[in-house]
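Undergrad: Keeping their order, the protein sequence lines are chains B and L.
In terms of this note's numbering, the first sequence is residues 1 to 228.
In terms of this note's numbering, the second sequence is residues 1001 to 1407.
Among the clues, some could well be false.
Said to hold, decoys possible - Which chain L residues face chain B? A few, computed with CB under 7 Å, are given here:
(1) I1002
(2) D1004
(3) T1009
(4) R1011
(5) S1012
(6) K1015
(7) M1194
(8) A1255
(9) S1312
(10) P1399
Hints listed in this document are in silico derivations from the structure and should not be mistaken for laboratory results.
The beta-carbon is built from N, C-alpha and C at its ideal position, and this holds for glycine as well.
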Amino acid sequence: MRKDIIIKLENVWKTYLMGEDNYVHALRGVNLEVRKGEFLAIMGPSGSGKSTMVNSVGCLDVPTKGKIYLESHDISKLHESDLAQIRGRMIGFIFQQFNLINTLTALENVMLPMIFQGMIPEERDERARELLEHVGLGDRMHHRPSELSGGQQQRVAIARAIANDPEVILADEPTGNLDSKTGNVVIDYLRKLHKEGKTIIMVTHDSNVAKAAERREYLKDGIIVKSL
Amino acid sequence: MIKDYFILTFRSLRKRKIRSWLTMIGIFIGIASIVALIGLGEGLRETINSQFGFLGTDILAITASGGLGPPGSGVVDSLTDKELNELKRVKGIEGAAGRIMESVKIVFNKKISFSYAISLPDGDDRKILEHVMTMEAQKGRLLEDGDKNVVFLGSMFFDKDNTFGKIISPGSKVEILGKEFRVIGIMEKKGNPMLDSVVFMNEDDLRNLVDRPKDEYDIIGVRFSESADINKIKQNIEKRLRKIRDVKEGEENFAVETPASMLEQVNSIILGIQIFVYIIAGISILVGGIGIMNTMYTAVVERTKEIGIMKSIGARNSTVFTLFFIESGLLGTVGGIIGTIIGFLAATGLALIGRLILKSELITAYFPMGLIIGAILFSFILGSFFGTLPAIQASKLNPVDALRHTK
Ligand SMILES: Nc1ncnc2c1ncn2[C@@H]1O[C@H](COP(=O)(O)OP(=O)(O)O)[C@@H](O)[C@H]1O
Ligand SMILES: [Mg+2]
């Protein structure tokens, strides 16, 4: 495996069994390489397997068949406890529905990944504050998600995604629930992270949004059909 | 880290305030009734311990009737002077004093009442008895060697609501079995109805009054060194008395009561009452526990998405388990703390009412520290126990499936 490749998928299949003898193939032999520091957009129609692919890269799910390499380690056959470990340290997720925890404040949401990694309280408190300042929410730290706009919530999610300083950011339709103006703000932050050297994989429907990326891959029926 | 988990858990409990409280009701009731009961039982035991009948706790009582039946009530073979002297020589015994006890008719203010008269020995034995019974005079003075035709009375006689319709105080003259006695003092209130209505007399006075021969006793109190093995002494005494009285083992016409054996009887009565209520409390705790389990299962379903989110940002299965486990433990603990407070208040209130109605100091509530800590610890364990299965279920959720969960 080439040294500058951080993520590599080799003939990755994901098959769901829906009732008796009804197999749904979400991925049908995906091959993909992502360079370190690359900004990649994954496009394709709904149900084409984009989320499934991103989730398997992010160690949330294991493929039915094939291999996934993360920094040259094969993660396709690891157990949940190891996956959780890698996920917590190397991956930052950003979701379409923001997925913040409603009972916690913005600050606490950002601290959570650091709590799970056992970071000491003073450090993580300071870092969480810095990160929220960084995404322009220094004055909203003690607000709960329900007291924030969609764009603000997504910025909290960005801060949370980079809390443990991961190598890879996985953004699954990060602008899907936002209007184009607030969506652009979010994309600008992703660009900024890209400039700082993070590897970013972003799923999107929107070709305008996809322009922010260096490369675009098109997925259809669980397989990559086109690359730009 | 655990501290953070507690904070996280606390947040989610607070969000579901009403359901959390409802869940805890079962635990409240169970723990409250257990705490109240043990508190009252312990109170009773404590009073009995501290006001041990006509004895003290480092004293053995030998009666000729057997059992706890009041001596002097038609006793078959009274204890004798000879037996008393033999007992003094039994190994481990420091001293022994004989006493007699009679049911007497008392007349005062033209009204009649019946009570027990008990003799007090002369000399050192008197001092020892006064000490072990913590006898003190609230009015007048205690009896002394050489006092004649005087009595020392239990506190009930000094009560304005006594059966004579008039307070008896030091200096009053009372008629006992037709003979006039002067009251020399009133004992401090003991809270024990039998002790508070007793008539103390010097031994010679009582013997003359009821015409009992010089060498007869109804009860012999034996004092032993603190280091001695009480059961061993009891066996020695029994062996010696069987020999003197020429009776076989199992056919004794006497009884040796140790404080322990008396306490056992009291305890077994308390226990009998308690078992019944424990069963009810146990059922309510079980229901409470199942309530916690149900709430936790609901919480797992409701928070499936949240579990997915936490896993996506690095929470491990063990982390998720711990969070839910703490949550159910906390439900149990808070329920237990509140239950303990309710139980404490209920028992204290009941004891107060009981004292007012029955006019007996025997009814008190007593809460040893161990009971309080034990009750709270128990409810924590209970909550955790019933939360274990839901917590395992939460921890095993597949992250992607959990994230796809709507809401
Ligand atoms: N847990 C699952 N169980 C069954 N089918 C699933 C599951 N997850 C995804 N699928 C199916 O796999 C296909 C791809 O889904 P997904 O990756 O979410 O697509 P996309 O993100 O491109 O819209 C869809 O047909 C979807 O219904
Ligand atoms: Mg999707």
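Undergrad: Hint by hint, note whether the structure agrees.
TA: A quick look at each hint next to the structure:
1. I1002: violated (11 Å)
2. D1004: holds (5 Å)
3. T1009: Hint violated; T1009(L) Cβ to chain B Cβ min 10 Å, cut 7 Å.
4. R1011: holds (4 Å)
5. S1012: holds (5 Å)
6. K1015: holds (5 Å)
7. M1194: The hint is violated - M1194(L) has no Cβ within 7 Å of chain B, the shortest such distance being about 62 Å.
8. A1255: Check failed: Cβ of A1255(L) comes no nearer than 68 Å to chain B, outside 7 Å.
9. S1312: Where the cut-off is 7 Å and the nearest Cβ of chain B is about 5 Å from S1312(L), the hint holds.
10. P1399: holds (5 Å)
Hint compliance for this structure: hints 1, 3, 7, 8 are broken, all remaining hints hold.
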